[in-house]
Amino acid sequence: MHNLCSISKDVQSLVWSYLCARDLVSLMVACKGLNASISDDKQLWVGWSARTLTTSGYHNYSIPYRRSLEDVDASDVRSWLAHGISLYKGYTSSSPTIQKLDSMAPRIVTWVRLIRGRWCLVASSNVSESRLTLWDLSSRSGGPHPCSEIFFPGPVMDGQIDDDLTSIRIAVTVGSSDPYIQIVSVGQFIAVCKNIGGAQKNATFAAERARAIARAIFDEILSCLNVILTIFSPLEHCTITRS
1 MHNLCSISKD VQSLVWSYLC ARDLVSLMVA CKGLNASISD DKQLWVGWSA
51 RTLTTSGYHN YSIPYRRSLE DVDASDVRSW LAHGISLYKG YTSSSPTIQK
101 LDSMAPRIVT WVRLIRGRWC LVASSNVSES RLTLWDLSSR SGGPHPCSEI
151 FFPGPVMDGQ IDDDLTSIRI AVTVGSSDPY IQIVSVGQFI AVCKNIGGAQ
201 KNATFAAERA RAIARAIFDE ILSCLNVILT IFSPLEHCTI TRS
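Residue numbers (full-length UniProt numbering): 1 to 243.
Think of the hints as simulated: they come from the structure by calculation, not from any bench.
Please note: incorrect hints may appear among the correct ones.
Keeping only pairs whose Cα atoms sit at most 27 angstroms apart, straight-line, the calculated DSSO-like set for lysine-lysine is [claimed, not checked]: (1) K42 / K9; (2) K42 / K32; (3) K9 / K32.
Label-pair ranges, simulated between beta-carbon atoms [said to hold, decoys possible]: (4) T166 / V127: 35 to 43 angstroms; (5) L14 / N35: 12 to 20 angstroms; (6) G47 / S167: 46 to 54 angstroms; (7) V11 / S177: 32 to 40 angstroms; (8) S176 / V11: 24 to 32 angstroms; (9) G33 / E70: 26 to 34 angstroms; (10) V15 / V109: 36 to 44 angstroms; (11) Y180 / I108: 20 to 28 angstroms.
Small disclaimer: the values here were computed from a predicted structure and weren't measured.
Even for Gly, the Cβ is constructed at its ideal location relative to N, Cα and C.
Let the sequences and hints guide you as you build the complete structure.
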């Protein structure tokens, strides 16, 4: 006796194409054979996504294709479709919710960079989030202290600093469920990101660059070492001084 699992793949795909999402899900949980047949049918999900995302209002919320359709499998197409539907439901909901990204899980430092002997960037991360903190190391500003911070929905995995003497740009790789590279200038960081003291600083780098050139680099390196010791060392009063 024939059943759905025994008919040819092309006939199965034709049958699946006439079903709605609820029916497809019902068949997928019926047995492993049907689940594999539907889940692995790339053409089915491509066609179903095209119909759903263009006729149901989801197209404004679909995830942009990261790769061409020829280079992906059925699971990728299903993921795009699920993201589009999820975003559509979230943005059209009449009762939005606030989700706090800052979890209670401990973070460890995953990336540190010194900028012009004046600024120190420290990224502390756990598996679900990260915090990028900008430290001001200048002795003229009262000693090393954090001045701004920004949060990301994933750990900071790596980063690069581009300093062309007129501007400073930071690029960090964020290891979220869909990894991406976040680019921000240090001037934007200070002016836009949340200040730890609650204030917003409208800073430019023209004056900072002039002061950075005039400062003694050696003294600022000592300040950087002191702040790193402050962050990482259990000895609260450990400092480095010039002999």
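Results of checking the hints against the structure:
1. Taking the CA atoms of K42 and K9, the gap is near 12 angstroms; set against the 27 angstroms cutoff, the hint holds.
2. For a cut-off of 27 angstroms, the pair hint linking K42 to K32 stands: about 17 angstroms separates their Cα positions.
3. Only pairs whose Cα atoms come within 27 angstroms are accepted, and K9 paired with K32 is accepted, the gap being roughly 15 angstroms.
4. Look at T166 against V127: about 37 angstroms separates their beta carbons, and that is inside 35 to 43 angstroms.
5. Between L14 and N35 the Cβ separation comes to about 18 angstroms, which falls inside the hinted range of 12 to 20 angstroms.
6. A beta carbon spacing of about 47 angstroms between G47 and S167 agrees with the range 46 to 54 angstroms that was offered as a hint.
7. At about 36 angstroms, the CB distance of V11 to S177 agrees with the hint of 32 to 40 angstroms.
8. The hinted window of 24 to 32 angstroms between S176 and V11 is violated, with their beta carbons roughly 40 angstroms apart.
9. For G33 and E70, the hinted distance range of 26 to 34 angstroms is satisfied, since their beta carbons lie about 27 angstroms from each other.
10. At roughly 55 angstroms, the beta-carbon separation of V15 and V109 lies outside the given 36 to 44 angstroms, and the hint is violated.
11. Taken as a hint, the range 20 to 28 angstroms holds for the pair Y180 and I108, whose Cβ atoms sit roughly 21 angstroms apart.
When held up to the earlier numbered hints, the structure conflicts with 8 and 10 and fits the remainder.
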